[in-house]
Each structure stands twice: as C-alpha cells, then as structure tokens.
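Top to bottom, those sequences are chains A and B. According to the numbering used here, the first sequence is numbered sequentially starting from 29. According to the numbering used here, the second sequence is numbered sequentially starting from 349.
Please keep in mind that the hints were generated in silico from the structure rather than gathered at the bench. Don't take each hint at face value.
Said to hold, decoys possible - The calculated label-pair distances, taken between Cβ atoms and stated as ranges, are:
no. : chain 1 : residue 1 : chain 2 : residue 2 : range
1   : B       : Gly364    : A       : Ser97     : 49 to 55 angstroms
2   : B       : Leu422    : A       : Leu67     : 23 to 29 angstroms
3   : B       : Leu422    : A       : Thr143    : 40 to 46 angstroms
4   : A       : Gly68     : B       : Asp387    : 18 to 24 angstroms
5   : A       : Asp66     : B       : Gln417    : 22 to 28 angstroms
Since we're looking at a predicted model, the values are computed, not measured. Heads up, the beta-carbon is just placed ideally off N, CA and C, and yes, glycines get one too.
This is what each chain is made of:
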Amino acid sequence: DAGITQSPRYKITETGRQVTLMCHQTWSHSYMFWYRQDLGHGLRLIYYSAAADITDKGEVPDGYVVSRSKTENFPLTLESATRSQTSVYFCASSVPSKHFSYEQYFGPGTRLTVT
Amino acid sequence: RKEVEQDPGPFNVPEGATVAFNCTYSNSASQSFFWYRQDCRKEPKLLMSVYSSGNEDGRFTAQLNRASQYISLLIRDSKLSDSATYLCVVNPTDKLIFGTGTRLQVFP
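Same shape as in the complex, but just chain B (with noise of 0.2 angstroms):
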C-alpha cells in the first residue's frame, strides 16, 4: 500500500462547479499536512496547509480526519486557472511523502 494515496483523476468540471478531492494517508503517526499544486511541466509550490480544525481560503477549503487518515480538498466556483494537478502532502517523521496527485481540468 502506498503512504499516500490520490485518485488520478482527471477530473472534469465546468467552470462554477465544486470540486472535492481525497487523500488517504498510512502513517498515523503524521503530523504535518499540505496540498500543493502542480501546473503542467512547472514545480509543484504549496497551495495550503491542512490544519486539525480545517481551514479555508477563499475558495478552497482543506480538512483533515485524523481517526480516518484522509485528507480533503474543496474547491468551490471552480475557474479555467484551477485546472492543475493537486498533491497531497503527508509528513510522517522526517521527510514529506507525496501523492501521485489529482488532475482537475476545468472547461469553459
């Protein structure tokens, strides 16, 4: 089993729609949480952190289910620029472990 797990997607969506992304994580013992974003043939860089009680901003909203090992990911009135790829990003101990990621193409 992988440490961290994504659904490849893609993801289809018009343009306004919401978006919910997962990710399952191994280790219980992790501590630190993010979701990057990744265009395409660019570097990843930090979309957000995911903090025990969740967290928004603006459109995005992240939550984290400790006692379920999942990690979300919500975006709400999806636009062209959302179109990416989302990383889940676990910290077990002393290392980050990334997911394969999530494609999102959103259409006009």
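Okay, chain A solo, but in the shape it has when bound (with noise of 0.2 angstroms):
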C-alpha cells in the first residue's frame, strides 16, 4: 500500500530553469493539494484540485502551474524557477467529501533548491 508518493525527494535546479514536482496516490481520494513549507511560516496552499481536470489556486499560486489529468496524479510545475521557490513542497490529499474537514494525507515532500 503506497499511500501517496512525491518524486523527487530532492532536487537542486538553477534559476530560470523549468521543473515539475510529481505527487502520486493510490488511494482514489479525489482531493489532492500542494503546500509549501517555509521558516516562519506555516505550511502555506499552492494549488488544490477537487478532481481530474478540476484546479484551483490557493494562497500563494505565483509562479506555479498544476494540472490533473487523471486522479493519481497531480503534479505541480515552476515554469522559470527562482530562490524564493526554494522550499520543501508536500503534495497531500483527502476523502472525497468535506475535503477541508477531513484528515489530509501528505506525501513525504520534495525538497527543492533553487540556485
């Protein structure tokens, strides 16, 4: 039982280089979301999507891309990367139903530098 699954797990990339961060789950929960966490900050939403080919921003989307096209998969996209990005991203996802009121589920993150 895999759960949910980020590759990579580690990644060091230039600025202004395109990279995509891929989330997996096997469980069928039709909602999965990206966060960042940050020093000083909480875990802060990049996007969220509510089922295949359903996306939506969330609190900090710039500079993000994502994209669902079937519901195991939801990567998430720097178009032209910069420092600022630099981050650990956690792909997470929820049961169907009250997907803010119900556990979440996060992949073991993806520790991203930008240099």
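The task is to assemble the complex, starting from two chains supplied on their own in separate frames and drawing on the hints.
Here it is, written out as structure tokens:
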C-alpha cells in the first residue's frame, strides 16, 4: 500500500529553469493539494484539485502551474524557478467529501533548492 | 496578525512530564480544528481532531474554547517519542490554515 508518493525527493535546479514535482496517490482520493513549507511560515497552500481536470488556486499560486489529467496524479510545475521558491513541497490528498474538514494525508515531501 | 498563532518553543521537558500547548486563531467563523504532528524532516500527520466538547486520545487531550478563539493540546506522561513539532490547524472556510508549529523536546 504505497499511499501517496512524491518525486523527486531532493532537487537542485538553477534560476530560470522549469522543474516539475510529481505526486501520485493510490487511494483514489478525489481531493489533492500542494503546499510549501518555509521557516517562519506554516504550510501554505499553493494549488488544490477537487477532481480530475478541476484545479483551483490557493494562498500562494504565483509562479506555479498544476494539472490533473488523472485522479491519481497531481504534478506541480515551476515554470521559471526563482530562489524564493526554494522550499519543502508537500503533496496531500483527502477523502472525497468535506475536503477541508477531514484528515489530509501528506506525501514525504520534496526538498527543492534553486541556485 | 497571523490567522493561526502558536508559541514556537522549544518546550524542553523530562520524560513523564505534562506539557500543554496553546494556539489562537483569528477567524471566528472557523469550523474545524486539528492538531497535526510533524517529525523532523518528515511530513505532517494528523494527531487528533478537536471537538467543541473536548476530546481525549490516550495521553493526549484537546480542548477548544470558541469564545476566546484558542485551542489547546495537553500531553500527559511525556515519552521520548513525543519529541516533534505540533501544528495547530484551523479550517475557517474552504481551506486549512496551519500554524508554524510548537517544537517539543522530551529528554530522559
């Protein structure tokens, strides 16, 4: 039972490069989320998705793009990475109904460094 | 003012001690409340939901005070394995707001 996985776990990239972080879940949860976690801030929501082909902005969406062609995958793309996007990125999923009132299950995170 | 505020700690306590964390939130319309636990360099995991009437799960007790807009977590008989960061999480409308966390270090 793999649950929710993220890849890569660690990534170093240069300013201006495009990078895609992958997220895959095996539970068929309809809701999926992307957060970033930085010192001094709590987890901040970047984007979320209620179902395949449905996505919505969170608190800090600028500089990021998401897609969700399949229920189990929710990739996050940094179109032109900046140093301020150096962070730990967590993907999460939750049960279909009342998505923000129920437990969210987090992936192990991707540590991204932009040089 | 942050939407969810926590004392960052660290709280350094000996094994067997009782420790309490508080968290305040600013949006009175918040409906759901949680405590998540996050180990160093790991993902957050749900510790417990917080109900209006208060709830207990083994050594952990969560309380909600809507009038004062704060949530508390009490840990009794602390274990070394309780060392982690505890995140207060609030659901004001259509999103979860995470506090920055309170770090707990339990020493022998």
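How the hints compare with the structure:
1. Between B:Gly364 and A:Ser97 the Cβ separation comes to about 52 angstroms, which falls inside the hinted range of 49 to 55 angstroms.
2. Taken as a hint, the range 23 to 29 angstroms holds for the pair B:Leu422 and A:Leu67, whose Cβ atoms sit roughly 27 angstroms apart.
3. Checking the proposed 40 to 46 angstroms range against B:Leu422 and A:Thr143 shows it holds: the Cβ atoms sit about 44 angstroms from each other.
4. Between A:Gly68 and B:Asp387 the C-beta distance comes to about 19 angstroms, which sits within the given range of 18 to 24 angstroms.
5. Checked against the hint of 22 to 28 angstroms, the pair A:Asp66 and B:Gln417 passes, with Cβ atoms roughly 25 angstroms apart.
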